[in-house]
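Number of protein chains: 2
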Amino acid sequence: MSELTIWAYDWVPDGPRGFVRDLRLRWACEEAGLPYRVESTPFKDRSEEHFKHQPFGQAPWLTDGDLSIFESGAGLLHLAGKSEKLMPRDPVEEAETLQWTIAALNSVEMVSVPWWFLEVSGTKDNGLTGWLESRLDHVERVLKEREWLAASRFTVADLLMADVLRVEKVRAFGDRPATESYVTRITDRRAFKKAHADQMAHFANAD
Amino acid sequence: MSELTIWAYDWVPDGPRGFVRDLRLRWACEEAGLPYRVESTPFKDRSEEHFKHQPFGQAPWLTDGDLSIFESGAGLLHLAGKSEKLMPRDPVEEAETLQWTIAALNSVEMVSVPWWFLEVSGTKDNGLTGWLESRLDHVERVLKEREWLAASRFTVADLLMADVLRVEKVRAFGDRPATESYVTRITDRRAFKKAHADQMAHFANAD
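As they're listed, the protein sequences go chains A and B.
Heads up, the first sequence is in the numbering used here, so the first residue is 1 and it goes up one at a time.
Heads up, the second sequence is in the numbering used here, so the first residue is 1 and it goes up one at a time.
These aren't lab readings, by the way, just hints derived from the structure by calculation.
A few of these clues could be false.
Unchecked claim - Straight-line alpha carbon distances no greater than 27 angstroms define the calculated DSS-like cross-link-like pairs of lysine-lysine that follow:
(1) 85/A with 82/B
(2) 82/A with 169/B
(3) 169/A with 124/B
(4) 124/A with 169/B
(5) 124/A with 82/B
The structure presented is a predicted model; accordingly, all values stated were derived computationally and were not measured.
So here's chain A without its partners, still in its complex pose:
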């Protein structure tokens, strides 16, 4: 069996702790029961070797034997290929899971992350606010009608969407009860709590 290794920063400042994206991969492995190791890469001095694995100079990336894959979304889909717990094998349910996984990355996060970035940069009049509101309202409308995004059960799409929506400023932006209940329920899962605690301990060890 190939060995899964999640490559995470060795250290990050307090702010992003509990939110750095190696958490997504840890969480997915925990949900699926896939054995994995975590290795560190320097946060402060990013080497040529780092850029070979992650050309944008970010973390995480995932190795699986000889294979190396960056982008947490791509890592999640790679892990989903190993476990039905993350993605059903029925073609219709698989398509539902895939569309909501990409929606988290390209319909919600494509607005929420730049909006967040402008907020923390101290922008006075955030030009993305109306757009974010519209995207979150669409998600709320969907979550009012169902417990899970795809396949009537927990999938990698919920893992990713909940991770996108739990970002503090995004979560505090407006009052969307179905979304809030969804985020609470999904981050109450044992696998999330384990991944979160492990990431916090990983960075605390480096202090």
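Position chain B against the provided structure of chain A, taking the given hints into account.
What follows is chain B alone, placed relative to chain A:
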């Protein structure tokens, strides 16, 4: 054989013509030689049926027999499952293709689309400019060293990255010769030209 149908708007204003994302799905089908039909959904009055297929009220979505999938990125990965021309089956090459497909959506487009949105909204001091510059510089560095993003040949990752990078304001932002040559080369492909011409004709028919 199941029947692929791309659902596109019946009409859009002049500005987005040639850029609406049904082009990505048309292009992928043309590259792969997959037979497909195009159906229209109203741009002006978006029905409940539209939101059932695309909960953000956008287009395109793709149907494949009984299966319906939204998000152009998800549609591309679905089509890639049908054709090695879009995504190799060797696990290492498949991972390379997947990571660059997601990078186009979540590392480049996550910055370039909101940046573009702020530009066209007439924002005076676009707070995403430095971030976009950094992302495009990382892509330039990669494209200086290779002809294709993954697997040493054209894949769906190139289709998507070129489509992200060819947006006029993004393409005109800074001087990145390797990126410019990449976009020119990839949009010179027969399949792109066919998809582009077909989209332009589709919207012109509705005028």
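Of the hints given before, which are not true for this structure?
-> Hints 2, 5 not satisfied by this model.
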